[in-house]
Amino acid sequence: MHEICTKKSCEDHKTQNSFPLKKFYLFSVLIILFLSFSIKKNKDEIKWEKDLKIKWENFRGTPNSYNSFYANTNSGMSFLKFGDEDSAYFTVTAVFYAKKSWVRLKFAQDTLLKHEQLHFDISELFARKFRERLFQLNKTKTTYNEDFDKIRNDIVAGHDAYQDKYDQETEHCMNVLKQAEWSEKITSEIAALDKFSAEDVRIACKR
Numbered sequence: 001m002h003e004i005c006t007k008k009s010c011e012d013h014k015t016q017n018s019f020p021l022k023k024f025y026l027f028s029v030l031i032i033l034f035l036s037f038s039i040k041k042n043k044d045e046i047k048w049e050k051d052l053k054i055k056w057e058n059f060r061g062t063p064n065s066y067n068s069f070y071a072n073t074n075s076g077m078s079f080l081k082f083g084d085e086d087s088a089y090f091t092v093t094a095v096f097y098a099k100k101s102w103v104r105l106k107f108a109q110d111t112l113l114k115h116e117q118l119h120f121d122i123s124e125l126f127a128r129k130f131r132e133r134l135f136q137l138n139k140t141k142t143t144y145n146e147d148f149d150k151i152r153n154d155i156v157a158g159h160d161a162y163q164d165k166y167d168q169e170t171e172h173c174m175n176v177l178k179q180a181e182w183s184e185k186i187t188s189e190i191a192a193l194d195k196f197s198a199e200d201v202r203i204a205c206k207r
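For the sequence shown, the working numbering begins at 1 and goes up steadily by one.
Treat the hints with care, since some could be wrong.
[What the hints assert, rightly or not] Straight line, CA to CA, 30 Å or less: simulated DSSO-like cross-link-like pairs of lysine-lysine:
#1 53 to 99
#2 43 to 55
#3 47 to 165
#4 114 to 53
#5 53 to 106
#6 106 to 195
#7 195 to 178
#8 114 to 100
#9 100 to 47
#10 100 to 178
#11 53 to 43
#12 114 to 195
#13 165 to 106
#14 114 to 99
#15 114 to 47
#16 47 to 178
#17 185 to 165
By construction, these hints were calculated from the structure, which means they are not laboratory data.
Whenever a hint applies, use it, and build me the whole structure from the sequences.
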């Protein structure tokens, strides 16, 4: 199961909605360095990495009593945007939220864990799709915010729909054949967007 990403969780780190003046550039750099350090070090938020797999011990939330699911992965995308007079800068990160993710211990098996890992992988897939769309931005500053918001909304909606479809078709990991198909599909799609694996995106602005 995956708790779908809402705008609030996707925008976990505050964004700046317009370009700051150049004198604030150093301050912006310090913010992004701080956030990058916080995500890496904070045990409550795990940043997606190619060779890092989540473990059951990372599921630190309390199981919901109102549903019968065996586990829940809460993952999404955090992002930061800012700029100076010449460029737009973005940081998009796929994040696993440990305190909001949970498992019923008697069902904590490897098969289910692999299913939950793919929920996290889907968040990385859409983080890469997000970066790909951002690289395609080549606008003046007058349309920058509008374009960014549209891309963000499209990506968030696509992410949530994809997560739901994954759960439906795999029957929450109970359909072994479909689970294998989805594992191959997600892995392949992530690899196809490898050129967008870096979190940071810089775009030169037109004058």
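**Asked** Is residue 195 within 30 Å of residue 178, Cα to Cα?
**Response** The given pair, whose Cα atoms are some 28 Å apart, holds under the 30 Å limit.
**Hinted pair residue 43 and residue 55, Cα distance within 30 Å** = holds (12 Å)
**Prompt:** Is the hinted pair residue 53 and residue 99 satisfied, with a Cα-Cα distance of at most 30 Å?
**Reply:** Status holds; Cα separation ~17 Å.
**Prompt:** Has the given pair, residue 47 with residue 165, been kept, meaning a C-alpha gap of at most 30 Å?
**Reply:** Status holds; Cα separation ~24 Å.
**Pairwise hint evaluation, residue 195 against residue 106, where the allowed Cα distance is 30 Å at most** = violated (40 Å)
**Straight-line alpha-carbon gap residue 165 to residue 106, limit 30 Å** = holds (26 Å)
**Request:** Starting from residue 53, check that the Cα of residue 43 is at most 30 Å away, please.
**Result:** Roughly 14 Å separates the two Cα atoms, so the pair holds.
**Prompt:** Holds or violated: residue 114 with residue 99, Cα cutoff 30 Å?
**Reply:** Distance of about 19 Å is within 30 Å: holds.
**Prompt:** Going straight from one Cα to the other, do residue 114 and residue 53 come out at no more than 30 Å?
**Reply:** holds (9 Å)
**Asked** Quick one, are residue 114 and residue 100 close enough, alpha carbons at most 30 Å?
**Response** Within the cut-off at roughly 18 Å; holds.
**Item:** Pair hint outcome, residue 47 versus residue 178 [Cα-Cα no greater than 30 Å]
**Value:** holds (27 Å)
**Prompt:** Are the Cα atoms of residue 53 and residue 106 separated by 30 Å or less?
**Reply:** holds (21 Å)
Taken one by one, the earlier hints fail for this structure only at number 6.
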